[in-house]
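Novice: Each chain, written out:
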Amino acid sequence: MTELRGIYTLWLREIKRFIRDRVRVIISFIQPLLWLVVFTAGFSARLVIPRVDYQQFLFPGIIGQTLLFTSMFMGISVIWDKEFGFMKEILVAPISRFSIFIGKMLGDSTAAMIQGVIVFTFGFLLGIPFNPLTLIIALPVMLLITFGLVSIGLIIASFIGSLENFGAIQTFINLPLFFLSGALFPTTGEGIPGWLQFASKFNPLSYGVDALRTVILGSDWTPLNPIHTNIAIIVIFDIAMIIIGTWAFSRMKK
Amino acid sequence: MTKMPHVIEIQNLTKTYKDFKAVDNLNINVDNGEIFGLLGPNGAGKTTTVSMLCTILKPTSGTAKIDGHDIIKEPSKVRKSIGIVFQDPSIDDRLTGRENLLMHANLYGVPTSIQKERIARILKLIELEDRADDLLRTYSGGMRRRLEIGRGLIHQPKVLFLDEPTVGLDPQTRDHIWRYIKDLKEANDITVVLTTHYMDEADRLSDRIAIMDHGKVVILDTPQKLKATLEGDVVVIKSNNNKNLEELLSKWFNFTKQHLEKDTLEVTVPNGRNAIPRIVELANQNSIYIESIVLREPNLEDVFLHYTGCSIRDDTTKELHGLSAIHRRAIR
Ligand SMILES: Nc1ncnc2c1ncn2[C@@H]1O[C@H](COP(=O)(O)OP(=O)(O)O)[C@@H](O)[C@H]1O
Ligand SMILES: [Mg+2]
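Sequence lines, in order, name chains D and B.
Mapped onto our numbering, the consecutive letters of the first sequence carry residue numbers 15 to 268.
Mapped onto our numbering, the consecutive letters of the second sequence carry residue numbers 23 to 354.
Each hint should be verified, as a subset may be incorrect.
In silico lysine-lysine, DSBU-like type, Cα no more than 35 Å apart, as pairs [said to hold, decoys possible]:
hint : chain 1 : residue 1 : chain 2 : residue 2
1    : B       : Lys-204   : D       : Lys-267
2    : D       : Lys-30    : B       : Lys-43
3    : B       : Lys-273   : D       : Lys-267
4    : B       : Lys-99    : D       : Lys-30
5    : B       : Lys-247   : D       : Lys-267
6    : B       : Lys-102   : B       : Lys-207
7    : D       : Lys-267   : B       : Lys-260
8    : B       : Lys-43    : D       : Lys-267
9    : D       : Lys-267   : B       : Lys-95
10   : D       : Lys-30    : B       : Lys-102
11   : D       : Lys-96    : B       : Lys-138
12   : B       : Lys-180   : B       : Lys-238
13   : D       : Lys-96    : B       : Lys-102
14   : B       : Lys-43    : B       : Lys-238
15   : B       : Lys-180   : D       : Lys-96
16   : B       : Lys-247   : D       : Lys-96
17   : B       : Lys-146   : D       : Lys-267
18   : B       : Lys-265   : D       : Lys-267
Keep in mind that the hints were calculated from the coordinates and are not lab data.
Hey, can you work out the whole structure from these sequences and the hints?
Specialist: Below, the structure is given as structure tokens:
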């Protein structure tokens, strides 16, 4: 009970901080729209994907990309808390490191999801009409993707002392995950180099993007893996990240 | 007050960084209900000791019990029985004062039904009622410190740790905070462990003081007894040649310690009244001109000097650190 209340308290704090930071709120609205516009303009119908047009193919990919970039960035909250000392107040509280990690992870995931949902609703810019029903089905998938990605950000941040290093490592991880996820172009099929096909199999985001395409595009899309396989892999990845995250938070000093 | 077993029992507590002993085989018992002062210069190992006691730093060896709970085996129970005000700021300045207190109450499992009343009582104690709903970033350094002290009390801990509670604050605010510490001791059934490198702070607040240096306790007693151990008076001399005078005196007098403090020379002698005429005479014979000569009671500074052989000066860089930390938060 105390643990649950602790998780709720930490979640609420992240939300309050997010909402009160006007710059962050504005950026979180504009940034995803920017990506949508840029990608629509830049990649208009270059690639030919069987049975769906490129805009349709790209849309779930951009959602995945938005979740990736924003989730990983959320780790900054740990750096911030270490820098300004609040982490000590949390670490000396009588709740488990697991609850601390979960509380922060859920709070940051909520903030990241806001951007994901914004992208979703503005899909009409890509010619994808907004369908609230699709959103309801897509939400749990997006949430599962977000949990794992936010966890990676938090884990990295728990090891890193400075903002600069965090930024550098983040870019180092973000870009390969993005390009090897199938978000922009297919990573399987003819003409795709073998090493790329192979590497993408080790990218958790590949399964996330494929699952998103399955729920958003429906029968138009031929999934790489059955949806339940994709979901299972994402869930296993999330659990692994939460275990590592709890461990990482246990060894964190301040 | 009924006699209780010690609320803190520190046994052979040691923390080693590589081969440097930050805390060296510490053994201290703290009685229930006292204000216990850990006094020592910067780097003495005070913060390291407190960090181990509040379970955020693992001891290299040894252990401690707080309110009967072992800091290594039962960290969660220890955390529930302690409150802590860290040396460096540890509040969320994007939240209001009340929100910070409420968050703390929830993290420590204070029942929802009594949270409101408890928070109101604390806000009254730290005199922040009218600012409770303002964001912390609008608070002054002293107000933040008071809020941190109040926060440490929300879950009614058995022991409150205050790590350098007044570093970086102006004299008036320090005075203010000293009064709060005294008051909260009166109003709550609580034991306070206070670390400081300010002599006057330790002297004024503590029931007992452990003087710490290089990770070890040099001596432990009440402030009165510590000062009485010197058994003498301090003669404060201002002359036109302190250095030569010091040399002369050390040949003629059997005094405990002397130190050249800025432009004055201080010597501790068994009987100050008898010593003064002889010091003046000695100075005259060697054509040293004495501007002033004053007798005073020994203070903790003298005690520290006596037992460690060196002076416990205020480390100004540390103070700047505290100030800049507060400043940095204020401008964010
Ligand atoms: N993480 C660390 N690594 C190495 N040395 C440390 C570390 N933390 C503290 N020390 C050293 O341990 C000594 C005691 O530090 P500290 O407990 O902060 O002293 P105090 O609080 O009395 O000023 C200092 O010499 C400090 O440099
Ligand atoms: Mg210290």
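Novice: Run through the hints listed earlier and report the numbers of any the structure violates, in increasing order.
Specialist: 2, 3, 5, 7, 16, 18
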